[in-house]
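Novice: Residue numbers (our numbering), protein chains in the order written: chain A, 1 to 312; chain B, 1 to 279.
One thing to keep in mind: the hints can contain errors.
[Stated by the list, open to error] Keeping only pairs whose Cα atoms sit at most 30 Å apart, straight-line, the calculated DSS-like set for lysine-lysine is:
#, chain 1, residue 1, chain 2, residue 2
1, A, LYS214, A, LYS199
2, A, LYS166, B, LYS177
3, A, LYS18, B, LYS177
Bear in mind the hints are in silico, worked out from the structure with no lab data behind them.
Since this is a predicted model, take the numbers as computed values, not measurements.
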Amino acid sequence: MGHADKHRIGDLLQRNWKTLVTALPFIWLLLFFLAPFFIVLKISVAESLIASPPFSALLDWSDGGFPSMTINTDNYAYLWEDELYLRTYLNSLKIAAISTLLCLLIGYPMAYGIVRTSGTTRYLLLLLVILPFWTSFLLRVYAWIGLLTDQGTINDVLLWLGLTDKPIRLMYSEFAVYVGIVYSYLPFMILPLYANMEKLDLALNEAAGDLGAKPLTAFLTVTLPLTLPGIIAGCLLVFIPATGEFVIPDLLGGGNVLMIGRLLSSEFNANHDWPVASAVAVVLLILLVIPMMLYHRVQSRSTNAQPSAETA
Amino acid sequence: MKRRRSILLISVLCFGYAFLYIPIILMIIYSFNDSVLLPVWGGFSTRWYTTLFNSEEIWSATLLSFQIAITTATFATLLGTLAGLALARFRRFRGRTVFTGMISAPLVMPEVITGLSLLLLFITLQQLIGWPGNRGMTTITIAHITFAMAYVAIVIQSRLTGADQSLEEAALDLGAKPFRVLIDITLPLIAPGMVAGWLLAFTLSLDDLVIATFVSGPGSTTLPMLIYSRVRLGLKPDINALATMLIVIVALGVIIAGYLIIRQQRQLERDRQLAATGE
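Using the sequences and the accompanying hints, generate a full structural model.
Specialist: As structure tokens, this is what we get:
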């Protein structure tokens, strides 16, 4: 390769580097993120077969010439008719919503408390919120088994205090699932709230107080509206993944708690019914599409309009 | 009035941090428990650590997980940096809406959906072009790169949006070619973000259970998959020992990073004071 050629390649790179920078991640995401959803959509309208792979082809080429397309909506009809699925979807949304609210109730005052400190204390407190975020999610859920089982720490304490004379069943209940979700997702609530509050002038709240507003009025009319973007971001970061959560209901809820992530997984891995599992995934995605778009808007607004708020 | 409020805030913080840390502390304490029946204390012992170190299963799963995590982190950082660069610096290009959507969706997408859809993609690809022949390390790595690069992209994007663009503009005005500006000015600017992104991608990959379970094949068991298959059956003291080791490693890393940040912050404040008194 001559010198001139090298220059020409350099020039070419120069001219097209913008396209190159964009194209690589774009193509990767198209292939491994977007395309898979269309395959799921496709299989959800196929018929389930006892074969490998266990579903019928969408396009039938056997007629020769034009392929005939069969769209089979039986899987969706099945989801609608079988009460189990409807109940599971509703229960997942309920558990996710209540967990989100609990996270907000604990996380909001915590974020507020962290912002009110300063210097090294603030960094230390923030670090302590981020620390569990960097350790294994699975092991943090596992840690709760030791507290919640019949011979676990919570029951030990209750027995010792004389509040109960025999162990209370805490594991394998909705209560255990709530504890697990709130515990695991709390940092996802605190961090966006902190990032939001950090930029605010919390003295405004005190000014309102000095001007005679009652604490509750000052909070509702000054602090709450200002922190609303943080609240929305935090709630969505908890609510959306919690709805499809699999590990927590499986380890802490067992068979007693209906959640859609667990049902999808068992439909796929135990029953080998791929079309129904795909239909379950499509419906879950449809349920979450509005909160996801909302999150996308909050996310792009905060990264485009404001200076960086790096917390993680 | 003010004091009452601060007492309230302090008690909320105490409660919150107790909630976050008591389960972890108890898990660590019970890793030194001599009893086989986990919730019953049977005296101090380090035998579960011996069991752990002698378990070949654990070692091979750890090795596999680390291999996947290192490859994932490296590729996710490369692709994520390019994506973040595109998002922060190119205002308009074809498909921008789809692109930004694909970057922010993996952050909240339920893992079961990502896992199922990627597995079905791999199966379809295998039928069409015969690749991938076996599911395992390669398929898990591809799946991890896909969701980890979104996190890296967000980190890079927020760093670039926060940074001053005037340096890049000045270089362009002075006649530097855009490619040189990218290499000489933008890249050093985002280097700390790339380090943070690499670590984040590494941790995310090391931690993932659900997606790996979907896209892995027989014989490829990552560390979370192994842990999960054991703890499903109840408490396991050697898993407590493993958890303790992981937590200690991560805590040390975070403490060192935190110390460096605080030191840097202090230096910055000192510099600022010096600058102020100098005037």
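Novice: For each hint, tell me whether it holds in the structure or not.
Specialist: Structure-based check of each hint:
1. For the given pair, A/LYS214 sits about 24 Å from A/LYS199 by alpha-carbon distance, which is consistent with the 30 Å threshold.
2. A distance of roughly 76 Å separates the Cα atoms of A/LYS166 and B/LYS177; the hinted pair therefore is violated under the 30 Å criterion.
3. Distance check on the hinted pair: A/LYS18 and B/LYS177 sit about 12 Å apart at the alpha-carbon level, within 30 Å; holds.
In the structure shown, a violation is registered for the earlier hint numbered 2 alone.
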